[in-house]
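Peer 1: Take the sequences, apply the hints, and build the full model.
These protein sequences, in sequence, are chains A and B. Using the UniProt record's numbering, read the first sequence as starting at 1 and increasing by one per residue. Using the UniProt record's numbering, read the second sequence as starting at 1 and increasing by one per residue.
The hints are simulated quantities; they were obtained by calculation from the structure and are not laboratory data. A portion of the hints provided could be inaccurate.
Just so you know, same-sequence chains aren't split out, so a pair can sit in one copy or run between any two.
As the list claims (entries may be wrong) - Calculated cross-link-like contacts (lysine to aspartate or glutamate; reagent style EDC-like; alpha-carbon spacing at most 16 angstroms): (1) LYS247 x GLU204; (2) LYS285 x ASP138; (3) LYS22 x GLU262; (4) LYS24 x GLU116.
Spelled out from the first residue to the last, the chains are:
2 protein chains.
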Amino acid sequence: MKIVEGGVTKAKGFEAASTAAKIKYEGRTDMALVYSEIPCVAAGTFTTNVVKAAPVRWDRQLVDSGRPVQAVVVNSGIANACTGEEGMYYCEETAKAAAAALGIPADSVALGSTGEIGRQLPIDRIRAGVEALARKKDGTIENGTLAAKAIMTTDTTEKELAAQIEVNGKTVTIGGMAKGSGMIHPNMCTMLSFITTDAVISKEALQKALSEDVQNTYNMISVDGDTSTNDTVLLLANGAAQNEEIKVGTPDYEAFTEALHEINVYLAKKIAGDGEGATALFEAKVIGAKTKEQAKTLAKSIVCSDLTKTAIAGHDANWGRIFCAMGYSGAQFDPEKVDLFFESRAGKIQITEDGTAVGYSEEKATEILSQPEITAIADIKMGTEEASAWGCDLTYDYIKINADYRS
Amino acid sequence: MKIVEGGVTKAKGFEAASTAAKIKYEGRTDMALVYSEIPCVAAGTFTTNVVKAAPVRWDRQLVDSGRPVQAVVVNSGIANACTGEEGMYYCEETAKAAAAALGIPADSVALGSTGEIGRQLPIDRIRAGVEALARKKDGTIENGTLAAKAIMTTDTTEKELAAQIEVNGKTVTIGGMAKGSGMIHPNMCTMLSFITTDAVISKEALQKALSEDVQNTYNMISVDGDTSTNDTVLLLANGAAQNEEIKVGTPDYEAFTEALHEINVYLAKKIAGDGEGATALFEAKVIGAKTKEQAKTLAKSIVCSDLTKTAIAGHDANWGRIFCAMGYSGAQFDPEKVDLFFESRAGKIQITEDGTAVGYSEEKATEILSQPEITAIADIKMGTEEASAWGCDLTYDYIKINADYRS
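Peer 2: Below, the structure is given as structure tokens:
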């Protein structure tokens, strides 16, 4: 597997476009299109929130139906959540507009929305936006990047990556884009992430690969503990690589899932590190666990703690808060066995041995904690399993962004 | 039942004291004593965090043993958590010092600590502090209030209340004090809360009254989702009121639990409203629920959401975040049935009907949300049960306080 430049347009046969439709934002793009020349098999994972946005319900029905998917229309600014029947009607209208503009069936159009909850979409602007997207689409890397920018809300940077593997002499490409920032605490999957591949692969194999990988990637990040109403990961495969079909249980499937994981973990970490107001990506790594589940529970509890996150914002080695967060996670362990370390590109330092502080240098710890990527490593000495979770620091800017998000 | 002035010294036979022992803070008191002339039956509830502070383990053992309790020694500044065997040794030393100074058995001394995790107590200062406390104790209301001040960490105000009931012609008094502020998300009980009563009541009845009431009071508040290592509620009854014994299932027991609830809910709300950096007490009230448990789960999820809390900080009627938080709570309900209201002393306004926005005035909503006490009321129209949870807004000052708490 190799990482290559590009995002959703890197795989053969995929095109993208973006446009400024003035859905809510002014002076920036806010609609994106991902289009495949060939109908795709589609896999998806969606929010577990009981409150599901209209486009989530639309996509879930589409993916479950097994019908081919040929386009994804995304808008930022308004989430189309808590919008009742009117919201579902706007999904249908958006799909119809895309179908007419692209010359494809309306029931092959997937949708994505992100932004304010409770407000209705300005459907005329959406329709005009869809027409502009259909006119502007092409398969360039640039258009993929512009699409990744258009789906941003409070994100500070676009998030995209592509990877290639060889399958019996054919190059198979996977590329993806995602957006995150706030209301990020995925459960089952996450915010908006769109992955494209030109692989020949069955819908079942595609869904299995996606469902298993989100558990260790998007589901292991948290910005603020709030599971969104709109979380969506869509993975589209159009078969343009003309490889021999990738089947579950083969080395090709392993290579495919490895490349997919690389894309997903990269996008998930980018989302965590670009959390609203964040200045640092904070990884919690639990090692020496008895089970993977135990390691995941402990790691996620650490990155979700407001107190841990404010300590990271202050570059303060307040390790007691990490112990506290592990303690209320629900997982069993012996706090008096835990060795804790902090690590970043400034070095690695041991903080506790068997649950109590070793005589470490606070200055060195602060230096390590002042880097843009920080890892806390907790060895709980119960076995050989491990897991990582990713979050960010909690800063003034998170409050600033969210105290008056709607105005 | 009537509310009366005072706190832990209001009930007959109880004394209190405070002193500046320089445990960690300078220029303020940081140790408190609650003492009863008569040995007390004791009830307690403690943190469910796997990481339990040394004083929590000490008190739990003491309460479980059924031995009488005659004094509680509390320090702020250092939590004596994650301190290993050395921490337990300091508990024993503190109890011994109190026993010597007060002329009571060491195994009748309960302990409480709050503050930084991981640091060892300066035991010589603790010993000197205990001696000063023993010298200074008396039964005045003022000394009770000073004790409530001494146990504060980042709290901005002391928290105390007392209530009286009549039991067969005898006045029975209950009084309490508590501290909260950060790392507040009690599970089973909360931070530090000490309640005294002169009632004649059995240990079993006392524990039942306490255990049942914490579920609807301390366990329904959250400042930051972090369940502390030190959460403790102790309820001491010394029998000095000489009332006929209060027995479970009698009208007297009802009156006693009602008064106890009044104290607990008052202290719990004071803790929520005085959360670190908070400018408002935020109550979430879920009505029309099918079960009490469902109402509690939904209400607590609303007050725990960082996004809801930042919206309250911004006086922004961002109701979608409330729906979102209810949606990921784990409780089932139909979002398309929910009527949502905001209420404060500035009035009451309906925001949604059957899950979608009604045409409400944003200005009026902002006015209502700019008060120091705000309630969100969600009617989920499934039954007749209801529950409240209490939290606070999330502000710059929470970050400021916690980003560098230890320095």
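Peer 1: Which hint numbers doesn't this structure obey?
Peer 2: Hints 2 and 3 are the ones this structure does not satisfy, whereas the remaining hints hold.
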